[in-house]
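Taken in order, these protein sequences are the chains called L and Y.
Once you know that position 341 of the first sequence is 351 in our numbering, the rest is easy, because the numbers rise by one and skip nothing.
Once you know that position 346 of the second sequence is 356 in our numbering, the rest is easy, because the numbers rise by one and skip nothing.
In case anyone wonders, no lab produced these hints; they're calculated from the structure.
Treat the hints with care, as some may be off.
Copies of the same chain are indistinguishable here, so a pair counts whether it falls within one copy or spans any two.
[Said to hold, decoys possible] Below are the SDA-like pairs computed for lysine to any residue, each with C-alpha atoms no more than 20 Å apart in a straight line:
#, residue 1, residue 2
1, Lys48, Ala58
2, Lys48, Glu302
3, Lys48, Met230
4, Lys48, Glu86
5, Lys48, Ser121
6, Lys48, Glu81
7, Lys48, Gly231
8, Lys48, Gly428
9, Lys48, Gly62
10, Lys48, Gln212
11, Lys48, Ala288
12, Lys48, Ser243
13, Lys48, Asp185
14, Lys48, Arg473
15, Lys48, Gly515
16, Lys48, Pro332
17, Lys48, Ser242
18, Lys48, Glu125
19, Lys48, Val516
20, Lys48, Ser31
None of the values given here were measured: they were computed from a predicted structure.
2 protein chains.
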Amino acid sequence: MTPRAAFAELLRRHAEVRDLSSATALLAWDQETMMPRKAAAARASQLATLAGLRHERFTDPRLGDWIAACEAASGEFDDEERAGIRELARDWRRATQLPRDLVEEQAAAESAALEAWREARARSDWPAFAPHLERLLDLARRRAAVLGFADRPYDGLLDDYERGATEAGLAQLFDQLVPRLAPMVAIIVEHAGRVDSRCFRQPFDERAQEAFATRVVAAMGFDTDAGRIDRSSHPFCTGIARGDVRLTRRFAADDLRPALFGIVHEAGHGLYEQGLHAAGAAERPGAALLAEACSLGVHESQSRLWENIVARSLPFWQAFAPVAAEYFPAQLAAVGAEECWRAVNEVQRSLIRVEADELTYNLHVAVRFDVERALVAGRLAVADVPAAWNAAMQRLIGLAPGNDGEGCLQDIHWAMGGLGYFPTYTLGNLYAAQLWETAQRELPRLDEAIAQGELVVLRDWLRASVHCHGRRFTASELIERATGAPPSSEPFVRHLRARFGAVYGVTLPG
Amino acid sequence: MTPRAAFAELLRRHAEVRDLSSATALLAWDQETMMPRKAAAARASQLATLAGLRHERFTDPRLGDWIAACEAASGEFDDEERAGIRELARDWRRATQLPRDLVEEQAAAESAALEAWREARARSDWPAFAPHLERLLDLARRRAAVLGFADRPYDGLLDDYERGATEAGLAQLFDQLVPRLAPMVAIIVEHAGRVDSRCFRQPFDERAQEAFATRVVAAMGFDTDAGRIDRSSHPFCTGIARGDVRLTRRFAADDLRPALFGIVHEAGHGLYEQGLHAAGAAERPGAALLAEACSLGVHESQSRLWENIVARSLPFWQAFAPVAAEYFPAQLAAVGAEECWRAVNEVQRSLIRVEADELTYNLHVAVRFDVERALVAGRLAVADVPAAWNAAMQRLIGLAPGNDGEGCLQDIHWAMGGLGYFPTYTLGNLYAAQLWETAQRELPRLDEAIAQGELVVLRDWLRASVHCHGRRFTASELIERATGAPPSSEPFVRHLRARFGAVYGVTLPG
Chain L
11 MTPRAAFAEL
21 LRRHAEVRDL
31 SSATALLAWD
41 QETMMPRKAA
51 AARASQLATL
61 AGLRHERFTD
71 PRLGDWIAAC
81 EAASGEFDDE
91 ERAGIRELAR
101 DWRRATQLPR
111 DLVEEQAAAE
121 SAALEAWREA
131 RARSDWPAFA
141 PHLERLLDLA
151 RRRAAVLGFA
161 DRPYDGLLDD
171 YERGATEAGL
181 AQLFDQLVPR
191 LAPMVAIIVE
201 HAGRVDSRCF
211 RQPFDERAQE
221 AFATRVVAAM
231 GFDTDAGRID
241 RSSHPFCTGI
251 ARGDVRLTRR
261 FAADDLRPAL
271 FGIVHEAGHG
281 LYEQGLHAAG
291 AAERPGAALL
301 AEACSLGVHE
311 SQSRLWENIV
321 ARSLPFWQAF
331 APVAAEYFPA
341 QLAAVGAEEC
351 WRAVNEVQRS
361 LIRVEADELT
371 YNLHVAVRFD
381 VERALVAGRL
391 AVADVPAAWN
401 AAMQRLIGLA
411 PGNDGEGCLQ
421 DIHWAMGGLG
431 YFPTYTLGNL
441 YAAQLWETAQ
451 RELPRLDEAI
461 AQGELVVLRD
471 WLRASVHCHG
481 RRFTASELIE
491 RATGAPPSSE
501 PFVRHLRARF
511 GAVYGVTLPG
Chain Y
11 MTPRAAFAEL
21 LRRHAEVRDL
31 SSATALLAWD
41 QETMMPRKAA
51 AARASQLATL
61 AGLRHERFTD
71 PRLGDWIAAC
81 EAASGEFDDE
91 ERAGIRELAR
101 DWRRATQLPR
111 DLVEEQAAAE
121 SAALEAWREA
131 RARSDWPAFA
141 PHLERLLDLA
151 RRRAAVLGFA
161 DRPYDGLLDD
171 YERGATEAGL
181 AQLFDQLVPR
191 LAPMVAIIVE
201 HAGRVDSRCF
211 RQPFDERAQE
221 AFATRVVAAM
231 GFDTDAGRID
241 RSSHPFCTGI
251 ARGDVRLTRR
261 FAADDLRPAL
271 FGIVHEAGHG
281 LYEQGLHAAG
291 AAERPGAALL
301 AEACSLGVHE
311 SQSRLWENIV
321 ARSLPFWQAF
331 APVAAEYFPA
341 QLAAVGAEEC
351 WRAVNEVQRS
361 LIRVEADELT
371 YNLHVAVRFD
381 VERALVAGRL
391 AVADVPAAWN
401 AAMQRLIGLA
411 PGNDGEGCLQ
421 DIHWAMGGLG
431 YFPTYTLGNL
441 YAAQLWETAQ
451 RELPRLDEAI
461 AQGELVVLRD
471 WLRASVHCHG
481 RRFTASELIE
491 RATGAPPSSE
501 PFVRHLRARF
511 GAVYGVTLPG
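Take these sequences, add in the hints, and give me the full structure.
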C-alpha cells in the first residue's frame, strides 16, 4: 500500500469515527434539551453502544499499519497533513494503550460516583462520597501509568485536557498569580459600597431576556444557520458537526446577568467551534484531521474572553446599555452605561466557584488545584479532604464553608472522573487576557468598534489567530504564535488591575 | 455453543442494531425539526455512516450460526421467544440476501429520483421523471427476484411493508370495495349543500390551535413523559426508542382541521409505538425481539382509526365541540356538536389524495394500485403512466387532473422507492373499521365514554388487542385474533354507509 493510499484509509476511518462522535453529541444534546423523561434507560444504552462501536472502529489495528506507513514517508505530505497524521496517531495510541477493562471499570466507577455525589452533596455527606473518590483516584493513577506517566500521574491526567501542560508548569503559573490576587481582593472589599448592582437585580421578563441575549450573540457573529440556541438546566455548548454548533441557556427571573453572561460564555465556545471549520477543513485532508479544539484551556479562553473581558467592559456597555434599555425600559431606561458596567463587575468573597466574580474566580481554582495535586500524589488522604479544603478556602479566599455541600462537594468534576480538569479554567483566563492584549495591539480601534456594537471584528481576529488552527499546535505553541510570548499570568494581572481599579476607583497593586 | 448461549448472542446483537436504529431515528427527527441549515452535508454523512455500520453489524455471518443453533433447538424456547427468533431470522435473511451493490445502487437511484421528482412535479414534467422511475422499477424487480419473488415481483415489494400480503389478495379486497364506493359518492355529491364547513374555515390563532390539539392528544392517552410534539413542514411520527415516541405537526392559519386531524393521526401512530413496549418488552427476551410494528397497514389502521373513525364521529364532537369553543370563542361558541361533526365529514371529488375525505380516499389508492401493478408487471410502459392515471381517475373518481403535477406526479412514494406502499393505506382503513366494530361490541358503552371525552378506554383496548403483540403475528393473523374474522372490506363499507348516510341524511347502498 502506498503512503497516499494509507492516508486515504486513515481519512475514511477518521470520518467514520467523527460521524459516530457527532451522533453521540446529538444524542447527548437531545438528552439535556428535548428528551422525554422515560427515554433515559434507552438513551443510556444507545450512548453505550455508540461509545463501544467508536472505540472498536478507532482501535482497529489496521490504523496502526496505516499510521506507520504515513509516518515512514512523511516527506510525501505537506505540513498540515503531517500535523494531522501526528494528532490522529496520538489519539490512536492513547486509545489502544488503554485496556478495555480499565475503560469499562472507569465508566462504571464514574457512573456510580455521579449518583453518590448527587446524594452526598444534597446531604453534605463527605464520607458517603469518599469511597468513590478513592476508587476514581486509584483508576486515575492506573490510567496515567498505562499512558506512560507512572512517575508523574498528575501530568498524565492533565494530558487528557491540556496536552503538554505539566503540574510543575501550572504550579509556577499559580504561584505567580495567587499572591497577587489576595491583596487586590482585600482592597476592593473595603470599597464594596462603590458598586451597586441593584439595577440588574429586578424582575425581568423571560422573553425579553431571551430576545436581548440573542441580539448580543448575533452581534458577536454566532451563525444561527450553523447552530441553534435552546434551554437546559445547565448551560453548555456542543460542537456536533461542521455547520452544527448548539448553545443552551437558562434564565433567572429576578436577575438579568445569569442569562446574559451565560449565553455570551457559551457563544464564545460556539464561535470557536464554528471557527474550527473556517479554514476549509472540508476541502483539505490535513485540515479535516485538525479541525478539533486544541485544548480545554484554549476552549475556555474563548468563552472567558467574551464573557468577562468583552461583555464586562465599559465599551461593551456603551453599545449595549441603550439596547438593554429598549428591551427593559421600566428597569433600565434610567441606567447609564457606566452604572451597568460597574454592576456587572461586583466583587465578593464567596463560597461557590460558579458564582464567583472575575477577580476571585481563580482563587477557587487554586483551592482545587492544591487539594487535587495532594490527593493524586498521595500526600492527602481522601478522608482529610474537607479539612484541607476548608483550610485552603480560609487561606486563599478568607471564608470557610459551613458544610461540605457548599465546600468540597460543590463541583461535579471529580465525580465524573475529571481529575486534572480544574486548572484549565485558570489557563483559559490567562490565555484570554494574553490574547486580548494582542488583539488590542493589532486592532488599535478595537475598543471603539466594541463601543459601536461591532463585535465581529474581534471574532474575525480570533478566527484567524486561534480558531482556524484547530489542534495543529499545542496550547502553549498556539498562544505563543498568536501573541508573541509563551503563556504568562502577567497580562491577566494587568487586566484585573486596570479593570477593578477603574470600577472601584482605587489603585491596585500589580 | 448451547442454544441459550446462541440466543443470548442474538439478543446482544439485536440490542446493538436497535440502538443504531434509534440513533438514526433521532438524527432523522432532528433533521426535520431542529437542525440548522448548514448542517445538511454533515448530517447526510452521519446517516450514511450509521446505515453502513448497522448493515455491517446485522449481516455478520455469525448471526446465521446463532440463528441456526436456536432454530435447531426450538423446543428450548417458549412461544414468544420462538416468534422473536423467527422474526429476527427473517430480517437477517433478507438483509444478507440483498447484495451490497444492489442496496447502494438503489439508495443512489432513490436519491437522484427524489431530486428529479421535486423538480418534475413543480414543472408538471413527467418525461423528466420517467427515466428515474424506469430505473427504480428495474431495481425493484431485481430486488424482488433476489428475495425469491422472481415470478411475483409485486408480492416481493409488498413483502417489505405488509408481510404475507399478496397482489391477488389485495386485488380481491379492492374489487369488493371499489364498486361500492362510487355509488355512495354519486349520491352524496348530489346533496353537497347539506354540509357547511365554513365554521372551520376561519382564521384561528396558532397558539390556541396548538393548545386545543394538545388537549385532544392528551385525552387520547399519548404519554408526553415518553414522547413529545414539535413542528415540521410535513407531520410525522417516529418511534425512536422505548419511552421516546415523537410526533410533529403543522398549522393552517385559516382552517382548524389540518392541525387537529394531522396531530390526531400522528398520535394514533404514536399510541401504537408506545403500546409496543407495554407488554414488558424490556423484561422478557422474546418480547424485546417482537416490540416492533407488525406492518405498515396495521400502523396506518391505528392512525386512521383515531383520525377518522373516532375524531370525525358525533360522540367525539359532543365531547370536544365545547372544548373547542373554549379555545376559539369568537369562531365556535355558537357552533354545536352536530354542526362540527358534519363540517369534518364533507365529501368532495378531488384530485389530491392527501386532502381527500374518508369516502373518496380509497379510490385514490385504487388508482395508484392499478397503475403500479401494471407497471411492475410490465403491462404498462412508464411513458404511458399519465394517460393511464388520468383514465383511472376519470373512471374511479370522475375527475381528471389538469396536469401531471396534480396527477401522477403528486406523491413522493415512487421517487423514494416505495413501490407497493400505497395499498397499505387502504389496508389501514379496512383494519381500522374492523377493529372498531369489535371494540364497540366488546365495550358496549364506548360511544358514551367518547362523548364524555374519555378516549383512553379505546387506547387501552387497542393496546391489549393490537399494540402489545408487536410483530408476533402477521397483520392478517393479528386482525383475525383481535376481531374473530380475517381482514375484510365489509366493516369499512358498513361504517361509511352509516356515517355518511347520517351526515348527509340520505340512505346509501351497502
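Status of each hint after checking the structure:
1. Only within a single protomer do lysine 48 and alanine 58 lie at most 20 Å apart by alpha-carbon distance; the minimum there is 17 Å, versus 28 Å between protomers.
2. Taking identical chains as interchangeable, the C-alpha atoms of lysine 48 and glutamate 302 lie at most 20 Å apart only when they sit on different chains, with a minimum of 18 Å there against 33 Å within one chain.
3. Proximity of lysine 48 to methionine 230 under the C-alpha cut-off of 20 Å is restricted to the inter-copy arrangement: shortest distance 19 Å between copies versus 38 Å within a copy.
4. Within a single copy, lysine 48 and glutamate 86 get their C-alpha atoms no closer than 53 Å, and across copies no closer than 34 Å, so neither meets the 20 Å cut-off.
5. In this assembly of identical chains, lysine 48 and serine 121 lie within 20 Å of each other by CA distance solely inside one copy; the values are 19 Å within and 35 Å between copies.
6. In the homo-oligomer, the alpha carbons of lysine 48 and glutamate 81 never lie at most 20 Å apart, since the shortest distance is 49 Å inside one protomer and 35 Å across protomers.
7. When the C-alpha separation of lysine 48 and glycine 231 is checked against a cutoff of 20 Å, the pair qualifies only between copies, where the shortest distance is 15 Å, while the shortest distance within a copy is 37 Å.
8. Taking identical chains as interchangeable, the C-alpha atoms of lysine 48 and glycine 428 are never at most 20 Å apart, the minima being 28 Å within one chain and 33 Å between chains.
9. Proximity of lysine 48 to glycine 62 under the C-alpha cut-off of 20 Å is found in neither arrangement, the shortest distances being 23 Å within a copy and 29 Å between copies.
10. Taking the shortest Cα distances, lysine 48 and glutamine 212 never come within 20 Å of each other, neither inside one copy (37 Å) nor across copies (38 Å).
11. Proximity of lysine 48 to alanine 288 under the C-alpha cut-off of 20 Å is restricted to the inter-copy arrangement: shortest distance 13 Å between copies versus 39 Å within a copy.
12. Proximity of lysine 48 to serine 243 under the C-alpha cut-off of 20 Å is restricted to the intra-copy arrangement: shortest distance 18 Å within a copy versus 27 Å between copies.
13. Taking the closest pair of Cα atoms, lysine 48 and aspartate 185 never come within 20 Å of each other, the shortest separation being 49 Å inside a single copy and 45 Å across copies.
14. In the homo-oligomer, the alpha carbons of lysine 48 and arginine 473 lie at most 20 Å apart only across protomers (18 Å), although the nearest pairing inside one protomer, at 41 Å, exceeds that limit.
15. Within a single copy, lysine 48 and glycine 515 get their C-alpha atoms no closer than 55 Å, and across copies no closer than 47 Å, so neither meets the 20 Å cut-off.
16. Taking CA atoms no more than 20 Å apart as the test, lysine 48 paired with proline 332 passes in neither setting, with 45 Å inside one copy and 33 Å between copies.
17. Proximity of lysine 48 to serine 242 under the C-alpha cut-off of 20 Å is restricted to the intra-copy arrangement: shortest distance 17 Å within a copy versus 23 Å between copies.
18. With identical chains, the CA atoms of lysine 48 and glutamate 125 are at most 20 Å apart within one copy only, with a shortest distance of 18 Å there and 38 Å across copies.
19. With identical chains, the CA atoms of lysine 48 and valine 516 are never at most 20 Å apart, being 55 Å at best within one copy and 49 Å at best between copies.
20. Proximity of lysine 48 to serine 31 under the C-alpha cut-off of 20 Å is restricted to the inter-copy arrangement: shortest distance 18 Å between copies versus 24 Å within a copy.
The structure does not agree with the numbered hints 4, 6, 8, 9, 10, 13, 15, 16, 19 stated previously, though it agrees with the rest.
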